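Q: Here the protein sequences line up with chains F and B, keeping their order. Using this note's numbering, the first residue of the first sequence is number 1, and each one after it goes up by one. Using this note's numbering, the first residue of the second sequence is number 1, and each one after it goes up by one.
Some clues are possibly wrong.
[What the hints assert, rightly or not] Below, a list of computed lysine-lysine pairs in the DSSO-like style, where the Cα atoms sit at most 30 Å apart:
no. : chain 1 : residue 1 : chain 2 : residue 2
1   : B       : 17        : F       : 472
2   : F       : 271       : B       : 13
3   : F       : 274       : F       : 39
4   : F       : 54        : B       : 420
5   : B       : 17        : F       : 98
6   : B       : 274       : B       : 420
7   : F       : 274       : B       : 17
8   : F       : 39        : F       : 98
9   : B       : 274       : F       : 98
10  : F       : 274       : B       : 274
[What the hints assert, rightly or not] To give a feel for the contact side, a few chain B residues facing chain F, derived at Cβ under 10 Å:
no. : residue
11  : 25
12  : 71
13  : 81
14  : 245
15  : 247
16  : 248
17  : 252
18  : 317
19  : 318
20  : 326
21  : 327
22  : 441
23  : 444
24  : 446
[As the list claims (entries may be wrong)] Cβ-Cβ distance ranges computed for the label pairs, FRET-style:
no. : chain 1 : residue 1 : chain 2 : residue 2 : range
25  : B       : 134       : F       : 333       : 52 to 60 Å
26  : F       : 232       : B       : 442       : 35 to 43 Å
27  : B       : 216       : F       : 412       : 38 to 46 Å
28  : B       : 200       : F       : 181       : 58 to 66 Å
29  : B       : 134       : F       : 419       : 42 to 50 Å
30  : F       : 216       : B       : 270       : 22 to 30 Å
31  : B       : 25        : F       : 333       : 43 to 51 Å
32  : B       : 265       : F       : 181       : 20 to 28 Å
33  : B       : 178       : F       : 170       : 57 to 65 Å
34  : F       : 285       : B       : 18        : 28 to 36 Å
Honestly, the hints are just simulated from the structure, not real lab data. Being a predicted model, the structure only gives us computed values, none of them experimental. Ideal Cβ placement from N, Cα and C applies to all residues, glycine included.
Protein chains: 2
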Amino acid sequence: MFESAEIGHQVSKARYKELVPGLREALLEAQATLFTEKKVPVLILISGADGAGKRETISVLYEWMDPRYLSTLAFEAPTDEERERPAMWRYWRALPPKGRIGIFSGSWYSDPIRMRIQGELSERGLDARAAQINRFETMLVNEGAVVLKFWIHLTKEAQRARFEMLQSDPNTAWRVTPWHWERLQTYDKLQEVSSHFLRMTNTATAPWVIVEGADDRYRALKVGQVIQSTLTERLARKDTPPAANPPLPQADVDGLNVLSALDLTQTLPDKAYKAELAQLQGRLSALARDPRLRAHSVVVAFEGADAAGKGGAIRRITAALDARQFQVVPVAAPTEEERAQPHLWRFWRHLPRLNHMTIFDRTWYGRVLVERVEGFCSTVDWQRAYSEINDFEHELVQAGTIVVKFWLQISQEEQLRRFKEREQIAFKRFKITEEDWRNRDKWEAYQHAICDMVERTSTGEVPWTLVESNDKNFARVKILRTLCERMEEALEKAPEATEPALQIPNSSAKARKASKVAKAEKAAKVPKTKSEKPAKVGSKKK
Amino acid sequence: MFESAEIGHQVSKARYKELVPGLREALLEAQATLFTEKKVPVLILISGADGAGKRETISVLYEWMDPRYLSTLAFEAPTDEERERPAMWRYWRALPPKGRIGIFSGSWYSDPIRMRIQGELSERGLDARAAQINRFETMLVNEGAVVLKFWIHLTKEAQRARFEMLQSDPNTAWRVTPWHWERLQTYDKLQEVSSHFLRMTNTATAPWVIVEGADDRYRALKVGQVIQSTLTERLARKDTPPAANPPLPQADVDGLNVLSALDLTQTLPDKAYKAELAQLQGRLSALARDPRLRAHSVVVAFEGADAAGKGGAIRRITAALDARQFQVVPVAAPTEEERAQPHLWRFWRHLPRLNHMTIFDRTWYGRVLVERVEGFCSTVDWQRAYSEINDFEHELVQAGTIVVKFWLQISQEEQLRRFKEREQIAFKRFKITEEDWRNRDKWEAYQHAICDMVERTSTGEVPWTLVESNDKNFARVKILRTLCERMEEALEKAPEATEPALQIPNSSAKARKASKVAKAEKAAKVPKTKSEKPAKVGSKKK
């Protein structure tokens, strides 16, 4: 991996002076175009051995480029707000918006490498991290980002020489600490771990650039030239969307699917509803105060056709909770700042702290529902969203988040009845828009999209719960019961499953595996046959 | 203050049932209008004695209103990200955007009252806090917000009765802890402190509403009705801007002002510049690594005409620093999310952590410069901005932030020369826009606005430094030297001046006073006569 960076690259002072002005001009030109067009976010990762010249490289970039459109993102010890969220949260919140360049001094590579060297991460754990990182970076590139990963390499001798040089100059001596000399001891281990990890993450979409670090001028020029040529190429490239994948395989043999299999005639009479509701709200209230919840957070996701009863269901949940413990996030069109980021960014920013709950009224599934059906995004975009969403939810679960997602299904007739009813009630009128009426015309296309969504994103970790919602009583009770059950399940799991997951992925991977087994049967939350309906209390068929 | 809330208000069950449906409908209607128009943010503060029913009141509001457009903002122990910023930062980041309702469970009132009761805050300190809060709330109201402050009051007997009632019910017994019973001991002190504090903050723009807490139905109805009538009134009100204040008093007796008094002919030859620059960058670099800086953050503000050299000056500062320690924030038109907030919000969000620096390329002074001159905001808006800005900077200084602000002054001829020069250089071309050329037509109006700005916002704590910028060498050296001096000054102050300021305002008030005395002469950073120019090195007059 590092051979090409151990051959003594050097650039003379004269050659450097000759090359820099043109390079600088091209970089500024690219930066200006970037900023004006505001289409491409740029991530530059500066990684490598200590003392290899990472800091100096970043300084030179600031010298050559316009510092007003650069941000350097440093990741030291996570803050307590970061520690209470999934490990990637701190990187998501730091992503540069379109038009800006973010220089990552430290990144999602630092922790896995450090942990592997210190033996906190198994080799398999490291590989799992690599796979996760590859999917994350692929997502960034698919979202239009340029991801440039530099690894600045030094031989052991060069590292020692550099430390000695820094220490001999009174201006830089402060930078060499006993900690640095120790690095020489772990040099071989770092080379071993990082060369393996780099190889695993050296993808076509986001390849590594290995840079020999010994010569200041060579190192700066190489990094600068790679940035310049990559940006120039990217900005010149026409934004032709990549060819769409083949359509999702479909064959409607018998007209039966997860939606048509639902028995929407199930009801729950008012009296039974009241009793059940009170009991379930008490149960939820107790769960919310359970001390074990301090190692978890809760994310509840609501999807469903217009007028399916999402708002009413949410109200039945919030009524059981202390308002200081939850937030309801109604998802509408993304804001300008959200549009300048990957499509999942606007959900990452609302993730709850430990012991807190976020309820999303409409969710990240918009991409494979409304955006797909209405053509708001390209076919490749919604096609890749399934696995991006699965990754997202997986990261949540890894961090101890309890994720519960509901699809509220109503019949077309029931929806019409509710629309008409709403038009009669003054304070409900604002809920019905032109769009709502229009969406009804695409009922079939939506049903199709929903079935695909359930098939591709109902995972063992985070199953979909389909809710028969023609009867509001029945739906609300099923939702509350499911939420309670899922929370109880998570709280009853051995605490080791979640506590170290936040920072130590290998043990969490273990825990995950264990919990997967335990959940084998429970995973089938999506009723496949009519006989499997879980919430039968008081239900009756017409 | 509390007399009207000790007279045994009560509402019968029948009356409650009769009133609630209409109230609920009106609240939902108001919420719908709020959300559709997205013009008014609503802040509802629920404060009062413990056990007075604050939590229950919030629950009822969630029951009556649409929880999807409510947020409850709870403020427990500040997180480490919050502790490293001014005390009000956590409230600014939690402000509801236009169209939404934020319920504050705990607010900027909680800390001062608690601290006064515990003796950490003197009576004068409390009054200073009240004045600060009044200005903050007035600003919110002027920015279009509705600020509703409820104080739920209980007599001592009623508080005891409530605790006993909660304890006797197994469903609520967990809520009464020894801590609560202790509250009965401090009841009189709380009444004394809060009645004084409420009186001091009972302003015409944001008056207190005292609510008797003993009867659940009365309390809920009173809070609900006040919210409903206030929202309905506010939404019906035409948005006629208030009558403008009289124009700022002006009399140009002798044509001399802080700008015309500047000697723009001062220059610094290249050789002297290089030596000075290297020396000052070394000094700045050492200051940035000074361990004492860990109790401070640094905010550097750059204002100046187009092509005055802000970018070049910023580059000379950043070249001396570790990129991980600073952020450069170029201020352009506010984003959608920023437009939904008070005008200072977009600067609050970029405030640095301790030991970090934020450099603003254009600043919060835009409101009294470009927005004033171009008519982007109303006259009253920019007129009130001076004191809002002074408050903002005062809060920064209180929290130990070193605030340094520069106005870069160039002559009209020099600007024209630079514009023409820029048009020749490919990578600088993007910097010149139509707007830049247009702004030149309003030169006089801008000079006028700058003089007003300096006069009204150059305070002892945060003086303006006017920089003669026709010669870039001279300007850059003056800027670097001033920054170093201001940082040294702050670091040399007794540490008690800053360390407790973050949380304990009275001691910081003391420190502030002390530092004001110490700074008496130094405050005159704005040169009033030609003889006062501080940066004379190498300068020469034509």
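Q: A separate judgement is required for each hint: does it hold in the structure or not?
A: Hints and how they fare:
no. : hint                       : result
1   : B:17 to F:472              : holds, 23 Å
2   : F:271 to B:13              : holds, 22 Å
3   : F:274 to F:39              : violated, 53 Å
4   : F:54 to B:420              : violated, 38 Å
5   : B:17 to F:98               : violated, 54 Å
6   : B:274 to B:420             : holds, 26 Å
7   : F:274 to B:17              : holds, 19 Å
8   : F:39 to F:98               : holds, 5 Å
9   : B:274 to F:98              : violated, 37 Å
10  : F:274 to B:274             : violated, 81 Å
11  : 25                         : holds, 5 Å
12  : 71                         : holds, 6 Å
13  : 81                         : holds, 5 Å
14  : 245                        : violated, 33 Å
15  : 247                        : violated, 35 Å
16  : 248                        : violated, 32 Å
17  : 252                        : violated, 36 Å
18  : 317                        : holds, 9 Å
19  : 318                        : holds, 5 Å
20  : 326                        : holds, 8 Å
21  : 327                        : holds, 6 Å
22  : 441                        : violated, 24 Å
23  : 444                        : violated, 28 Å
24  : 446                        : violated, 22 Å
25  : B:134 to F:333: 52 to 60 Å : violated, 38 Å
26  : F:232 to B:442: 35 to 43 Å : holds, 38 Å
27  : B:216 to F:412: 38 to 46 Å : holds, 43 Å
28  : B:200 to F:181: 58 to 66 Å : holds, 59 Å
29  : B:134 to F:419: 42 to 50 Å : holds, 48 Å
30  : F:216 to B:270: 22 to 30 Å : holds, 25 Å
31  : B:25 to F:333: 43 to 51 Å  : violated, 28 Å
32  : B:265 to F:181: 20 to 28 Å : violated, 54 Å
33  : B:178 to F:170: 57 to 65 Å : holds, 59 Å
34  : F:285 to B:18: 28 to 36 Å  : holds, 29 Å
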